[in-house]
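Engineer: Model the full structure from these sequences, guided by the hints.
Residues per chain, in single letters:
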Amino acid sequence: MNITFDISAIVAVLATLMMITRPSAVHALLYLTVSLLAAALVFFVLGAPFAAALEVIIYAGAIMVLFVFVIMMLNIGEAAAALESTWLQPSTWIGPSVLALLLAIELGSLAATGSLAHPAGAVVNAQAVGIALVGPYMLAVEIASFLLLAALVAAFHLGRAVMRED
Amino acid sequence: MLSSVRTLWYTFLHLFQRNVTVPYPEQMPYLAPRTRGRIILSRDPDGEERCVSCYLCAVACPVDCISLQKTEDEGRWYPEFFRINFSRCIFCGFCEEACPTYAIQLTPDFEMSEYIRQNLVYEKEDLLISGTGKYPDYSFYRVAGLAIPGKDKGEAEGERKPIDIRSLMP
Amino acid sequence: MSNPNDIIPGLLNIILGLAFLMMMAALLTWVERRLLGFLQDRPGPNRAGPSGSLQVVADGIKLLFKQDWIPPFADPGVFVLAPAIAMVTVMLAIAVIPATPAIGIIGNLNVGLLFFLAMSGLGVYSVVLAGWSSNNKFSLLGGVRAAAQMVSYEVFMGLSLVGVVMLSGSFNLTDIVHSQRHLWYVVPQFIGFVIFFMGGIAETHRLPFDLPEGESELGAGFHTEYSGMKFGMFFVGEYIGIMLVSAMTTVLFLGGWYGPFLPPFMWFGIKTGLLVAFFILLRAALPRPRYDQFMAFGWKLLLPLTLINILVTGALMLAGPVPS
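Protein chains in written order, with my numbering: chain A, 7 to 172; chain B, 145 to 314; chain C, 87 to 410.
Bear in mind the hints are in silico, worked out from the structure with no lab data behind them.
In this text the structure is predicted, and so the values were computed from the model without any measurement.
We put the CB at the ideal spot given by N, CA and C, even for glycine.
Please note that the accuracy of each hint is not assured.
Interface residues of chain C toward chain A, partial, derived using beta-carbon atoms under 10 Å [said to hold, decoys possible]:
1) 164
2) 166
3) 167
4) 170
5) 195
6) 207
7) 214
8) 218
9) 233
10) 234
11) 241
12) 244
13) 255
Quick list of the computed label-pair ranges, beta carbon to beta carbon [to be verified]:
14) A:160 to C:356: 47 to 55 Å
15) A:160 to C:280: 54 to 62 Å
16) B:175 to C:389: 51 to 59 Å
Structural biologist: Here it is, written out as structure tokens:
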């Protein structure tokens with residue numbers, strides 16, 4: 007179990023690194039997808055199979071596909087890739103990297119002190135997730151649904167506006 | 145939606161119908177005698193070539209796949225060579241319709257496959273058959289007025305004797 | 087799992103299962119062409135081997151010996167990755183299906199249903215990436231269509247299964263089959279059954295919903311540039327996808343391995359086989375819808391229907407003595 011966790015965690019970190027450093031947008035998205043899949047495996051190992059499945063279905067299976075879809079439609083060529091390469095200067099990435107390093111040190115110190123020694127908790131099944139969503143987190147769910155409804159109406163409106171011009 | 149379901153049902157019923165196709169090399173389809181297939185040159189009932197090299201077939205051919213050269217032998221006209229390029233032929237049958245002597249005919253044979261394209265150019269020896277084809281009794285020289293050895297003018301079927309224009313007799 | 091004695095039979099199970107699956111998929115190519123022939127009043131491929139069954143071998147040899155060409159204008163890495171994704175996702179998804187309580191690779195996974203949905207969601211990548219990496223406008227159009235179509239129909243496919251999950255109270259496929267001992271879910275969940283099957287057709291982009299391929303307008307759509315075994319992988323992936331959707335429908339709606347007289351495995355095979363035959367019948371009978379009609383059909387008809395289905399199922403479960 008621990009080996010599975012370690013491997014998927016390393017894969018997640020490496021894939022995320024590769025995602026940041028790729029000049030080609032589609033390649034970067036592919037690495038991001040791999041990173042999400044690795045994160046899903048981490049969830050699974052930690053005892054949350056429902057969250058793991060949702061991670062793959064929603065993030066990797068739907069949202070990332072839409073990202074790929076949009077990038078395909080934009081038809082980003084060599085020029086954009088070259089521009090992306092110029093952005094990968096040390097001055098650009100040094101700040102976020104330092105912050106990320108701080109987080110990594112924090113995580114490492116927690117692991118060293120033994121606070122993360124037993125990551126595998128009780129298995130959280132779908133029923134528990136559902137009860138939590140409509141119980142203590144009811145307000146958050148309602149607010150999120152308002153937001154989604156607003157987004158839906160906005161998308162519908164924008165789509166109609168384009169149709170009318172034709 | 146309902147029409148889609150109906151379509152599905154009718155298509156399903158086709159599972160139990162007889163095949164309309166036949167397994168071809170084992171089970172040969174019936175081909176009518178008039179089928180336009182490989183072209184042959186026929187002979188008249190006496191075994192002589194019917195072709196009189198009138199060039200009408202070559203003129204009628206829309207793809208110019210027929211070429212021939214006329215020659216004469218004791219009054220009879222023959223093709224010196226007669227060449228059909230079957231890689232060009234479209235089997236339209238115009239040559240057969242144009243032929244005044246029933247010499248060129250299309251047969252129901254269509255199985256002409258070659259690995260080498262040149263082999264599809266048929267010479268006169270390849271085209272000539274020993275029989276009369278679709279018109280067993282017809283012989284052009286027997287009904288034509290042309291004089292050939294063994295048949296003088298006026299001896300053809302249904303032909304009157306030639307009139308001696310210097311004679312005063314009726 | 088940590089015991090090494092358990093690993094070897096497990097691995098053997100996986101390898102034999104996948105080998106069996108590959109053989110069935112290859113055989114299915116022949117079965118489809120033969121059945122399609124009969125449905126169209128012709129015999130279909132009947133030359134190679136006894137009544138044409140070795141046609142599979144001939145096709146396989148042909149595909150293996152074709153030049154494995156990567157177009158110079160393509161993105162080589164992604165171009166190779168795409169067919170691999172196509173095969174891997176369907177094979178992983180089919181692993182969770184329990185043919186019987188004993189036969190199956192990981193049939194007892196406690197989120198089996200979600201795993202299936204996740205894998206079919208990842209399957210979109212194969213088509214989309216194939217379309218993008220080919221760097222060809224027809225392929226790209228196929229990929230764009232595939233992305234929109236599969237993401238949309240995944241929504242209805244997932245929602246149509248909610249009724250089943252509510253009735254059985256489990257994501258575990260084995261438990262779902264067990265709860266159908268008395269009544270197959272095709273009866274109380276008929277709308278869910280129809281919508282799931284349609285979603286399955288759209289997910290495997292089979293005819294009549296093969297808009298990503300659309301031979302008549304897009305060449306061959308997303309796999310226009312593919313040749314040799316890479317094309318073969320798409321091909322085999324598609325056929326495993328057919329079996330996957332058929333087997334999944336059997337498990338979820340048609341009572342899995344339950345049935346009188348015959349052994350359980352036979353019943354599972356018969357039901358799955360009939361559904362596969364129905365896939366082929368659909369291909370023979372129905373024309374491809376126009377793209378906008380297809381999307382409108384999904385969002386304007388199937389989505390409300392699935393939502394109403396969930397609502398009615400939930401209301402009945404709360405109100406009446408529905409067996410759960």
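Engineer: Looking back at the numbered hints, which does the structure fail to meet, lowest number first?
Structural biologist: Numbers 2, 4 and 15, in rising order.
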